[in-house]
Amino acid sequence: MSPEILYTAEVILNGLMAGVMYALVALGFVLIFKASGIFNYAQGVMALFAAMTLVGIQNGQVPFSHLINAVFGTQLHHFGWHLPAIVAILLTVVVMIIFAILVERLVLKHLVNQEPIILFMATIGLAYFMEGFGDLMWGSEIKVLDVGLPKGASLALEEYTVGWATEGSQYYGMYVDKLDMVAALVAIALVITLSLFSQYTKTGRALRAVADDHQAALSVGISLRKIWVITWCIAGVVAMVAGVMWGSKSGVQFSLSLIALKALPVLILGGFTSIPGAIIGGLIIGVGEKLFEYSIGPMIGGATENWFAYVLALFFLVFRPQGLFGDKIIERV
Amino acid sequence: MNTAATTSEAAVPEQAEALLEVNNIEVIYNHVILVLKGVSLSVPMGGITAILGGNGAGKTTTLKAISNLLHSERGVVTKGSILYRGTPIDSLSPEALVKRGVIQVMEGRHCFEHLTIEDNLLTGAYTRRDGKAAVKRDLEMVYNYFPRLRDRRKSLAGYTSGGEQQMCAIGRALLANPETILLDEPSMGLAPQLVEEIFENVKRLNEQEGVSFLLAEQNTNIALRYAHYGYILESGRVVMDGAASELRDNADVKEFYLGVSEGAKRSFRNVKHYKRRKRWLS
Amino acid sequence: MFYRQAGDFKTTYRDDIQTFPLKQDRWGYYIVLAIAFLVVPFFINDYWTSAVMLPFLIYAIAALGLNILTGYCGQVSLGTGGFLAVGAYGCYKIMTSFPDLNIFVVVLLSGLITAAVGMLFGIPSLRIKGFYLAVATLAAQFFLVWLFNKVPWFYNNSASGQISSPERSMFGYAITGPNADAPVRYLFCLTLLVMLAWVARNLTRGRLGRSWMAIRDMDIAAEIIGVNPLRSKLSAFAVSSFFIGVAGALFFSVYLGAVEVGEAFGINQSFLVLFMIIIGGLGSIFGSFVGAAFLVLVPVLLKNIMVNWLGWPTDIAVHIEFMVIGGLIIVFLIAEPHGLAQLWRLAKDKFLLWPFPH
Amino acid sequence: VFPSLSYRTGAYGANGIPFADGYADYFTLVNERDGGIGGVAAKVIECETGYNTQKGVECYESTKGESPLIYQPLSTGITYQLIPKVTADGIPMHTMGYGRTSAKNGQVFSNVFNYPANYWDGASHAINHILGENGGDIKDKNVALVYHNSAYGKEPIRTLTELSAKHGFKLTEVPVDHPGQEQKSQWLQIRRTRPDYVLMWGWGVMNQVAIQEAVNIGYPMENFIGIWWSGSENDVIPAGPKANGYKALTFHAVGSDFPVFDDIKKHVVDAGKAAGAGDQVGTVLYNRGMYAAMLAVEAAKTAQEIHGTKDINAGQMRDGMEALVMDAAKMESLGMAGFGPEFTVDCKNHGGPGLGAMQQWDAGAGEWKLISDFEASDMDIIQPLIDEDSNAFAEESKIEVRECA
Amino acid sequence: MNIGSKMASNIQPGEELLRIENISLSFGGVKALTEVSFDIKRGEVRAIIGPNGAGKSSMLNVINGFYHPQVGEVWYCGQKRKGLKPFQIAHQGIARTFQNIALFKGMSTLDNIMTGRSTHMRANMLSQAIWRGAAEKEEIKNRRFVEEIIDFLEIQSIRKTPVGRLPYGLQKRVELGRALAAEPVLLLLDEPMAGMNVEEKEDMSRFILDVQSEFGTTIAIIEHDMGVVMDISDRLVVLDYGKKIGDGTPEEIRNNQAVIDAYLGVPHE
Ligand SMILES: Nc1ncnc2c1ncn2[C@@H]1O[C@H](COP(=O)(O)OP(=O)(O)OP(=O)(O)O)[C@@H](O)[C@H]1O
Ligand SMILES: Nc1ncnc2c1ncn2[C@@H]1O[C@H](COP(=O)(O)OP(=O)(O)OP(=O)(O)O)[C@@H](O)[C@H]1O
Ligand SMILES: [Mg+2]
Ligand SMILES: [Mg+2]
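Chains as they are written, first to last, in the working numbering: chain A, 1 to 333; chain B, 334 to 615; chain C, 616 to 973; chain D, 974 to 1378; chain E, 1379 to 1647.
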């Protein structure tokens, strides 16, 4: 095979992997939107917060140490333990559950039956709050996140494919990041479980009902509060997974909250309400933007990935305004 | 005005135990709009009670106050109390109320647009704990009441016709297997035949299963035909109440709610210009 | 009870459709205007101008623009940053290509250019709705920023990729450039703001405004009763972008003086302006002002309190500032989902009823 | 009064913290140990910009009234805004290793200083280093530039293009869009084309991801060179031990092996007066902040000498900066022998000679090591570019070119 | 004079205004309308009745161009309609109300009705922006007309109230006002009296008849209350499962066996 084809294949493969990483973030959005019609702006910050908490717990950081030190003149930093990854993850899950309960108690409960844009705004307030809160709690320096996930090129694949190229050409085998592969597996597992949950359980049906009409849901005895706590818990855990995956790559730092921007085009392409849509949208966006950058990018100066994803999604939307798998937008009079 | 208030208190039926009691409630929307100005009524166990009244009289508001849905419309009950089986329910959440067997069919349909008709119906069974088989049986029952729904079982509720949505909303409430149903304008937008059928079903449920009903209706004619007792609401106050048969014979009710004057039905073509109703209050 | 509606009857329709039907409101408005034009300029210094007044005035223009699109026409847009950039770069290109053109005209022209670009990006709104549209408008945001960064023509091939505004003056006073005096810059922006607010008010109370709101509230019904959706949406995009373009031009030329597109017109701006109108009140001109004031003033205020008065470390102060702003947003929304403007209206309603509670 | 426009929050907060700490700590040290600058206590007012231009302007305006001596805005964006303002207000500004490169031309930019080195010097240093490794011949070499797709990242392109024409190497540009969380395509491209060297102009999360990806594709780290803003501990640590060997440019020394640090420990940290958490001492960016503060203090001292007054104002400070001489003896006396290059500033040249060094990451020891001396850049290439750009600016904004004595 | 009245100007009362020819409409598997044909004469009150889900609302949607039938033609004012958008049809003088109230919730009663008037307004954007000249004059002129409608419908007191807060019945009345504001040639009413009590229905009937007689408006009405329908309509069409099963005067329909079986049940007195 000519190396050109192999390179293209490699780009596509890596695009798929990147797409999965985006999908992980998009999934959190979908869950909350599906279950309450809320476009949760805070999802990115939640991922950051979860990752920070995970690192903080794992390394035994003292929460709010900066604040405490500044106020009391103490020199607290660490408790001096280092927990195994799994324990830290479980504790983080607990924190995210507490977070979900608080969000429901303090915010959502008071905003039943409001228009989507108002709820959206509330999540913005939440994002602001958490951004400050997270930094205050754990500090804003870059933290290394290591829960033992493999990283780096998969040598097995490289060796396996190196012979595919035509003789004499300089080809080093196909490259895939092991971390991405793990992410792909995790994402697929998540998508399958969550789809089954929302499609086939009573709670799943209730989730969708709540998203359509808060009042009617109340009137048939669906507890909005319970549903909201459940979804925010799941979304919190999904955010943690996304935070771990992205954090392993770049360290845990403020910019982690910006990955939400990579998830948004995935979200509209796949459809706000579709769990499988998140992953398929992710794959399309991943491959699309990588291929575009690879083939057209060099001609127009590169760095096209930020906007290309959106333009691609826009293009799809013109034909399907509800995204590929989203619920139909019902237009009736 | 005072006479009206006193009659309403005196006329609470003594014979049956009161299942639901509303005592002199006041409701304010948005902190400023006073809508109910002291409404009292009582629904006896196993009875069908109707709330009648013109547009904006406060029927819907009363029902929502009972089922605790006002909160989500920025309305609050500022005075009075609501008792169900003798215990106050003002502070219960709507779902707790449904668990106790009180369910509301909301005015204006409120189906879950993106769910199929069948899924819509099944959400009604959300609080039930008596097993799939029972739910299935009741689903069949609803389909038998409304065959049209069976045909449209798999369509998204958002795409069904107005009447179909109305049936869906009623059917959904029935699936909760309730003890008391608050029905807000069940006849709205339904074909006359179907209206008759729905009221027949109401009667049947009431007689055979002992379900109590509180219904707000504009179609006074049919409501008074099926109800045992009625209240007439006007501008947020109860202005008249009594057994359905008494109300049917009341001259004012006849004139203004039944469209019968001097013993004969009027023609809509011949109503006079700008005939204005005599108000009990103003 | 000084504040009352009773007795203030209108005898003509012209009276009835004026902007401030209440006498008290009308006088209040005149007084505010008089203070803004005649008193403030004498007391304003560099700090107040650059840190508070200019951002407030300019963001108020942008918020008015976005409020027309989002609040009145119901099309949520996150492309504001991109459109601000169009205004800024348009302004720069015009300023440098036609050095003799009056700065006032330059700013309006930048607005027109932005209006054209905005219409272009508004076309998908015919198919795409709600949050889908909101996210899709980010395409404009990212694409435009990329474009201004990539094509050297836009920044006149300057080595740094930054654009800086040369000095331009009106009536002999420098408006842009380092030598522009604080009161002059302030008055320039204030004049534009007042003019545009008046235009916004006129547009929104007339046929066009009603057709926007109809599209917002129920687009299908609007179309069926005879509102042309294409024309309404595109005109909303055009007018809104015009305002935002003017804001962008002022932002660059009068306020900052030099910008780099990615930094000054990033996605944060898009969100910031959106926050302003939601906090202030969607579909309310007054709300645009309140929202802009809130999000410009509160951070400055908090910073001054925490850092200058209480002497807290700056980073902790910023974290707490974020928490406070986030918290305030939530508290306000819970108190009144329709924004500060509505809160104000309710307060007035209550006052009208005073001393009776209902 | 020395305003410190810092950024301890936001996307770049992690990098802003150590710099701000170093900046503040040095002034504290001077106050505590020497009783101030020539006896006058220095006061630092910190103002948080969050790396945001608008807040930068707010900070400038709010501190302007406190008779500040010097501004160090720490962001290219803010710098551009402030250039006309400081000039109009007569306050000097120092942009050390960032900002507008052509500000080196003191005849045009009277109030802006960017000693000891700028980005164009940096580009030249990197190429010089490569030249050195290859015995002066890099005709058939491929060099890739991975850069932050912004004004900052694009700075070196012009210089590198000229240099590639001169030395005959092939330059490939690889832009990365802000914020740079996802760089798969860029690094696949690098993996495919196998450039001999990769240069990087990155900032924030882009650095960490780039280094991680370079590790992932097994790129030889010795051939990967970052600008000084891509060479802090923050950037390499997340990538783990495999980042060993990564190189970065610098214009000051690394580590805490200088007498001055003993003083800082004694007078500042142990006395509980450290800015921030006090845990950043000796990191690259801390050192940079401290170095910046030291240069400001020395300039102030010079100004005091020139004008014979202890209470200098901004204009006098400017004169001090323009007459600044940093020689070995002076640094020795400060306990910072060899900490930075020797240089002098004059009216024409506000950028010094543009000396820079190379540092390399030792992952085993977890520290940066200086692997070269402070060396000169290729002024034959850079000077014409500076003249061209500064003259263009002078023309555009109608500035009269100063005559220098 | 707008396009609508111009188009209809040569149609005399009693002549055919609109003709539906062999219309079939389906959504996926659902057949909403099957081969339906009927006509509406100028100046009459034409009722469309039928059980729930029969396709009545869909019929109105076809008439005003919101649904596009797969088969069949719509003739209006003697012209065959092709490829028009709903708002263009509105400009031709067809206005309607909706079954599920479709008012503009965020706007006041007055603004809602003024919006209905927009087919009669054409001041350009610039003049609207400065609110001088054409725009202001036009605004005041049309306001006068709208005030007449408000008086006519007796909703003066809620002129400035946001319609979202009005009780159901008043909302229906406002909706009628909005449709009337367009001075339509043909007015389509979808269950205007649902959710009203007898007295309110009487009022509404009065309004409808007055509109017909005062403005000469042609009216097509869907209504389930047979009492009302039989009293006020001149001719009826009956649909069942998308098919037309009856067409004629109230008298004929009352005695039509197919209609009785499908819809009326017991013959109504
Ligand atoms: N959310 C709300 N905010 C403010 N006012 C409201 C709200 N909901 C209802 N109202 C007002 O309360 C009054 C009573 O309304 P309600 O809906 O209870 O009447 P109703 O008797 O059900 O009338 P209808 O027969 O038309 O349904 C009306 O005047 C209405 O304007
Ligand atoms: N957009 C659509 N998509 C799918 N099905 C539709 C759509 N519109 C209407 N239908 C179906 O077509 C049939 C006719 O609907 P329509 O609304 O015309 O009934 P209707 O006669 O107005 O009934 P009702 O008296 O209950 O309002 C219904 O079964 C409905 O579900
Ligand atoms: Mg009601
Ligand atoms: Mg219908």
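It should be emphasised that the hints constitute simulated quantities derived from the structure, not laboratory data. It should be emphasised that the depicted structure is a prediction, and the values quoted were computed from it without experimental measurement. A portion of the hints provided could be inaccurate.
To be verified - Just some of the chain A residues that point at chain C, by a computed CB distance under 8 angstroms:
| hint | residue |
| --- | --- |
| 1 | F39 |
| 2 | I68 |
| 3 | A70 |
| 4 | Q114 |
| 5 | L126 |
| 6 | Y310 |
| 7 | A313 |
| 8 | I329 |
Every residue gets a Cβ at the ideal spot worked out from N, C-alpha and C, and that includes glycine.
Query raised in the report: Was the hint right that F39 of chain A lines chain C, CB cutoff 8 angstroms?
Result: holds (5 angstroms)
Requested in this report: Could you check if L126 of chain A really has its C-beta closer than 8 angstroms to a C-beta on chain C?
Outcome: Constraint on L126 of chain A satisfied, holds at 6 angstroms.
Query - Proposed interface contact between A313 of chain A and chain C, which counts if any beta carbon pair is under 8 angstroms - result: holds (7 angstroms)
Report task. Under 8 angstroms, Cβ to Cβ, is where I329 of chain A needs to be relative to chain C, so tell me if that hint holds or is violated. Result -> holds (7 angstroms)
Query raised in the report: Does A70 of chain A pass the interface hint, meaning its C-beta sits closer than 8 angstroms to a C-beta of chain C?
Result: Where the cut-off is 8 angstroms and the nearest Cβ of chain C is about 6 angstroms from A70 of chain A, the hint holds.
Report task. With a cut-off of 8 angstroms on the beta carbons, see whether Y310 of chain A makes it to chain C. Result -> holds (4 angstroms)
Query raised in the report: Once the shortest beta carbon distance from I68 of chain A to chain C is found, is it less than 8 angstroms?
Result: violated (11 angstroms)
**Report entry** Agreement of hint Q114 of chain A with chain C interface, Cβ distance less than 8 angstroms
**Finding:** holds (5 angstroms)
Of the numbered hints stated above, the single one contradicted by the structure is hint 2.
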